[in-house]
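Note that the protein sequences, when read in sequence, are chains W and G.
5 is the number that full-length UniProt numbering gives to position 5 of the first sequence; each next residue is one higher, with no gaps.
183 is the number that full-length UniProt numbering gives to position 183 of the second sequence; each next residue is one higher, with no gaps.
Simulated from the structure, these hints should not be mistaken for lab results.
As the structure is a prediction and not an experimental result, all values here were calculated from the model.
It cannot be assumed that every hint is accurate.
To be verified - Simulated restraints on C-beta separations:
#1 PRO120/W <-> ASN53/G: 53 to 63 Å
#2 GLY186/G <-> PRO120/W: 25 to 35 Å
#3 ALA163/W <-> PRO272/G: 18 to 28 Å
#4 SER158/W <-> GLU59/G: 33 to 43 Å
#5 THR51/W <-> ASN82/G: 35 to 45 Å
#6 ILE234/G <-> VAL33/W: 29 to 39 Å
#7 GLU35/W <-> GLN273/G: 35 to 45 Å
#8 PRO272/G <-> GLU35/W: 14 to 24 Å
#9 GLU68/W <-> GLY256/G: 54 to 64 Å
#10 THR106/W <-> GLN198/G: 53 to 63 Å
#11 GLY211/G <-> THR51/W: 25 to 35 Å
#12 ALA63/W <-> PRO272/G: 28 to 38 Å
To be verified - So these bits of chain W aren't anywhere near chain G, every CB distance computed over 12 Å:
#13 ASN32
#14 GLN47
#15 ASP75
#16 GLY96
#17 PRO100
#18 THR106
#19 LEU115
#20 ILE141
#21 ASN169
As the list claims (entries may be wrong) - Facing chain G, from chain W, some residues (calculated, C-beta under 8 Å):
#22 LEU73
#23 TRP80
#24 ARG82
#25 ARG85
#26 ALA86
#27 ARG140
#28 GLN144
C-beta: ideal position from N, C-alpha, C; glycine also.
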Amino acid sequence: MRLLLPAALTGALTGPALAGELRVEVEIPRLNVAEYHRPYVAVWIEQPDQTAVATLSVWYDVALRNGEGTTWLKDMRQWWRRAGRAMEMPADGISGATRPPGRHATAYEASHPALSALVPGEYRLVVEAAREVGGRELVRIPFQWPPEAGQTLETTGSHELGAVVIHLNP
Amino acid sequence: MTLFRSFTATAAGLALMATLTTAAEAHRMWLYPSATVLSGEDPWVTIDAAISNDLFYFEHHPLRLEGLVVTGPGGAPVDAQNAATGRYRSTFDIQLTEPGTYRVAIASSGLFASYTINGERQRWRGTPERFAAEIPAGADNLQVTELARRVEAFTTRGAPDTGALSAQGSGLELVPVTHPNDLFAGESAQFQLVLEGQPAAGIEVEIVPGGSRYRDQVGDWTVSTDAQGIFTVIWPEAGMYWLEASVNDDNPSFEGATNRRATYVATLEVLPQ
Numbered sequence: 001m002r003l004l005l006p007a008a009l010t011g012a013l014t015g016p017a018l019a020g021e022l023r024v025e026v027e028i029p030r031l032n033v034a035e036y037h038r039p040y041v042a043v044w045i046e047q048p049d050q051t052a053v054a055t056l057s058v059w060y061d062v063a064l065r066n067g068e069g070t071t072w073l074k075d076m077r078q079w080w081r082r083a084g085r086a087m088e089m090p091a092d093g094i095s096g097a098t099r100p101p102g103r104h105a106t107a108y109e110a111s112h113p114a115l116s117a118l119v120p121g122e123y124r125l126v127v128e129a130a131r132e133v134g135g136r137e138l139v140r141i142p143f144q145w146p147p148e149a150g151q152t153l154e155t156t157g158s159h160e161l162g163a164v165v166i167h168l169n170p
Numbered sequence: 001m002t003l004f005r006s007f008t009a010t011a012a013g014l015a016l017m018a019t020l021t022t023a024a025e026a027h028r029m030w031l032y033p034s035a036t037v038l039s040g041e042d043p044w045v046t047i048d049a050a051i052s053n054d055l056f057y058f059e060h061h062p063l064r065l066e067g068l069v070v071t072g073p074g075g076a077p078v079d080a081q082n083a084a085t086g087r088y089r090s091t092f093d094i095q096l097t098e099p100g101t102y103r104v105a106i107a108s109s110g111l112f113a114s115y116t117i118n119g120e121r122q123r124w125r126g127t128p129e130r131f132a133a134e135i136p137a138g139a140d141n142l143q144v145t146e147l148a149r150r151v152e153a154f155t156t157r158g159a160p161d162t163g164a165l166s167a168q169g170s171g172l173e174l175v176p177v178t179h180p181n182d183l184f185a186g187e188s189a190q191f192q193l194v195l196e197g198q199p200a201a202g203i204e205v206e207i208v209p210g211g212s213r214y215r216d217q218v219g220d221w222t223v224s225t226d227a228q229g230i231f232t233v234i235w236p237e238a239g240m241y242w243l244e245a246s247v248n249d250d251n252p253s254f255e256g257a258t259n260r261r262a263t264y265v266a267t268l269e270v271l272p273q
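Please model the entire structure based on the sequences and the hints provided.
Here you go:
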């Protein structure tokens with residue numbers, strides 16, 4: 001069972017968008033389970049053939065001593081297969097601490113290396129969450145880059161992820 | 001020695017062979033890694049080794065660790081740690097100090113002979129080196145089989161690589177086309193079988209999904225190698241799989257042998273999408 005945060009709490013995160021950007025919101029649901037750990041979450045961009053072209057965020061337990069948090073990066077199986085195992089973690093501008101339940105937004109300007117390197121075409125934003133002693137879930141949102149008009153695209157996970165929303169601005 | 005080529009035998013291998021050719025012959029032997037895909041700076045895996053009926057449950061015999069060779073990503077041997085053999089299984093650990101793929105193998109080779117002397121049937125196991133000295137001159141009905149057996153599993157820290165996976169050129173071996181630690185449900189994988197380093201054409205490969213205790217049927221199936229020794233497997237679902245192929249023919253490398261039997265076994269993990 002999961003409880004979504006009231007809209008009033010999340011409204012602050014959805015302010016006006018800057019021009020030429022991709023804004024990603026990931027909701028981590030509050031779960032009523034006996035043993036709760038914050039999920040590890042990876043956010044990346046893939047081509048329709050599932051080739052990963054850019055990793056945007058990896059939230060994991062960066063504070064554990066001796067980099068022990070990296071032990072569980074493999075549990076984000078698809079990200080690990082498509083991108084993670086070829087990357088060095090922690091990675092500047094990509095890795096960060098795990099997040100509590102709630103709605104978390106990150107904005108990437110068009111000049112961000114992950115976006116400026118994209119050739120125009122179809123892509124999918126992928127969010128994968130894996131929780132210690134819990135489950136794993138992955139959702140995808142297809143989008144076009146660069147965007148021709150302002151657009152909001154949304155999907156929802158069913159257990160480890162809540163709403164996943166992208167705002168595209170030309 | 002000109003009697004044989006590319007033929008290696010060790011006392012350790014023979015000890016294993018003794019197990020393999022008796023009670024265990026009809027059962028399945030396997031190495032079972034606790035994980036095949038690992039991340040982080042200092043991962044370990046623990047590996048069980050057993051000979052069983054059900055996969056992958058240790059309920060019959062331990063697979064003894066003589067002949068165990070762990071090969072690291074650079075191709076150099078890696079020490080197995082905390083090795084022990086119990087009633088039903090052997091177990092050991094591997095520390096994955098380097099990124100890349102580790103091959104875990106228990107291999108053996110040697111000769112098996114049967115003959116009659118003074119009207120009594122005798123059995124003998126040994127190396128090609130000992131053969132001439134130990135088979136008595138008056139032996140009749142001498143039948144000599146050359147045996148090679150290789151049981152393998154693979155585990156990878158970080159990105160998979162193939163530095164540990166090159167064929168040794170002896171017995172029946174698996175050469176990856178698809179990496180053995182990059183297998184996913186619904187996808188197909190290709191591997192090559194080589195015999196004495198040469199493509200093994202027309203060999204049947206049996207594939208058995210693990211977890212048979214919870215099924216009424218074994219659920220196994222067979223594929224064959226093509227002219228290049230290549231076979232294709234489409235993984236129906238995620239899980240651990242056991243794969244076995246063997247060759248029985250009358251083309252041994254040891255001149256005094258009449259036939260050979262080479263067997264290859266691997267445990268492969270298939271992950272969900």
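Evaluation of the provided hints:
| no. | hint | in the structure |
| --- | --- | --- |
| 1 | PRO120/W <-> ASN53/G: 53 to 63 Å | holds, 58 Å |
| 2 | GLY186/G <-> PRO120/W: 25 to 35 Å | holds, 30 Å |
| 3 | ALA163/W <-> PRO272/G: 18 to 28 Å | holds, 24 Å |
| 4 | SER158/W <-> GLU59/G: 33 to 43 Å | holds, 38 Å |
| 5 | THR51/W <-> ASN82/G: 35 to 45 Å | holds, 40 Å |
| 6 | ILE234/G <-> VAL33/W: 29 to 39 Å | holds, 36 Å |
| 7 | GLU35/W <-> GLN273/G: 35 to 45 Å | violated, 26 Å |
| 8 | PRO272/G <-> GLU35/W: 14 to 24 Å | holds, 22 Å |
| 9 | GLU68/W <-> GLY256/G: 54 to 64 Å | holds, 57 Å |
| 10 | THR106/W <-> GLN198/G: 53 to 63 Å | holds, 55 Å |
| 11 | GLY211/G <-> THR51/W: 25 to 35 Å | holds, 32 Å |
| 12 | ALA63/W <-> PRO272/G: 28 to 38 Å | holds, 29 Å |
| 13 | ASN32 | holds, 25 Å |
| 14 | GLN47 | holds, 16 Å |
| 15 | ASP75 | violated, 8 Å |
| 16 | GLY96 | holds, 17 Å |
| 17 | PRO100 | holds, 23 Å |
| 18 | THR106 | holds, 23 Å |
| 19 | LEU115 | holds, 25 Å |
| 20 | ILE141 | holds, 17 Å |
| 21 | ASN169 | holds, 32 Å |
| 22 | LEU73 | holds, 4 Å |
| 23 | TRP80 | holds, 7 Å |
| 24 | ARG82 | violated, 11 Å |
| 25 | ARG85 | holds, 4 Å |
| 26 | ALA86 | holds, 5 Å |
| 27 | ARG140 | violated, 12 Å |
| 28 | GLN144 | violated, 25 Å |
Hint check: violations occur at hints 7, 15, 24, 27 and 28; the rest are consistent with the structure.
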